[in-house]
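Participant: Based on the hints, put chain B in the right spot on chain A.
Each protein sequence line maps, in turn, to chains A and B. With my numbering, the residue at position 304 of the first sequence is 304, and numbering never jumps. Take the position in the second sequence, starting the count at 1, then add 1000; the result is the number in my numbering.
Calculated directly from the structure, the hints in this document are not laboratory data. Since this is a predicted model, take the numbers as computed values, not measurements. Note that beta-carbon positions come from the ideal geometry of N, C-alpha and C, so glycine has one too. Check each hint, because a few of them may be wrong.
[What the hints assert, rightly or not] Here chain A is said to cover these stretches of chain B; the calculated rule only asks that three of the stretch's residues, wherever they fall, bring their Cβ under 8 Å from a Cβ of chain A:
1) 1046 to 1058
2) 1067 to 1077
3) 1115 to 1126
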Amino acid sequence: MNTQEKIKILYVDDEQHNLNSFKATFRFSFQVYTALSSDLALEVLKKNPDIRVVLSDQRMPDKTGVQFFEEMRGLLPDPIRILITGYSDIESVIDAVNRGHIFRYIKKPWTDADVASAIDEANKFYITNTLLKERNEELQAAYDELDKFSYSITHDMRGPLLSVLGAMDIIKHLDDLNEVREILDLMGSTLNRLDDFIKSIHEYYKIKRGQLEFKEIDVNAIVNEVTDIFKVAGRMDQIEFKTSVEQHAPLICDEVSLKIILNNLLSNAFKYQQKSNEHKLVELTFNIEKEKTVIFVKDNGIGIPTEHIENIYKMFYRGTTQDSGSGFGLFIVKDSLEKINGAIDVQSVVNEGTTFKVTIPVKGNDTVK
Amino acid sequence: MTQSNKLNFIIVDDSPLDCFIAEKVVRNTGKAASIKSFLTAKSAINYVVSAPLNENEHTIIFVDIQMPVMNGFDFVEQFEALPMAITCRYSIFMVSSSINDTDLNRVGNYPSIKQFLNKPITSNNIAMLISNF
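One chain only, chain A, in its complex shape (with noise of 0.2 Å):
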């Protein structure tokens, strides 16, 4: 076990001796921290956090064990206590579980093995204790979108096709064919809206739920493929794309995440225009080197507003009336990026455009969580 590995415990004792010798014995397995009083040994504890186990003697003249554990509980929670003591009376034990909810009880004198066991047995303990906090942080945080996006449901779903079926029951009456034109037209924009929709949430889910493959990317081929999904569509009359790719490495990523990040950023970029611009311009630029690869989208669009620039990334959120916009796509995008742990900037300027950052870690699973 090398020192990064070793997990810290404190130990606390009003006599240095016994310190310095539990110290000496246990250096080699565990970070071991020590503390002469109850005062001292909370101050340790406050400055490293992540101390997992905490023994404690019972007799001590500021305090009993078992009452600091109770001060500790309050204040610091996480940390397993175990208590020592050489006066086991029936009292003192009922006490030590009921009010300081200590974890095990080492009696005087101990044996290394013990001391070592029971630390071993609190650290797993510990470390679930941890965990499940984890995952109820993260339930909690897929139940708060859950929620989100059932009310969303009802309007970006349901509103769509309560719109159709309203313009259907106006046609009935309907003698003059050209208002029919007119009105399915706005049926045909309004089920493309619904289906945009539909897709983000698959996309959506896709990046949730899949798991990431990091492999060499072609990014011309990428770039290609963008264009023409871009082409295809019709975005781009009137409306000039560059693209620029210089690459001095490999980009390592995950091919479905980097596609949706283009996608989503590239659709924005054409959607939010200035209709009366006459030189409408999206950019899309990739530079790759060794450390990282940074992505531009930039565009001379309708810009965002200062006030709205903090919202952009939340769920459903949207900035401005123009265009059919789901308030879904750079939610899907900061999310992708958090997977691959990469990073996301935004200049804008109302009037003049937004030019968004996409920064790619060289290899996305390297860096820490």
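Facilitator: Below, chain B alone, put in the same frame as chain A:
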């Protein structure tokens, strides 16, 4: 409610199709002196602020709850801050496709909201509501 000679309509909805449907349904009643549609709440409130106030005219507003930037409730809040001389000329109806309890409960907090209507607006519920004016 006092009998008004002329009934105007304002539709506020970010979906062009929904505006179109509402306009059509309202027009088919034959009771509308004028119909105006706005795709954003902001443009609608600007219109209400600057529109001339005519004697014997009343305006019914249909406003969608979920709209980007400024939603239906934001619209109502700004509307309720306007002078009485303006607000008494309007009746607001909230329209939505959501069957969300939070939204339904919120409707009760705004005295100027006459009623909550589910989408789509149909000739039946328009006819019913016009008969009250």
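Participant: Report the numbers of all earlier hints that the structure fails to satisfy, in ascending order.
Facilitator: 1
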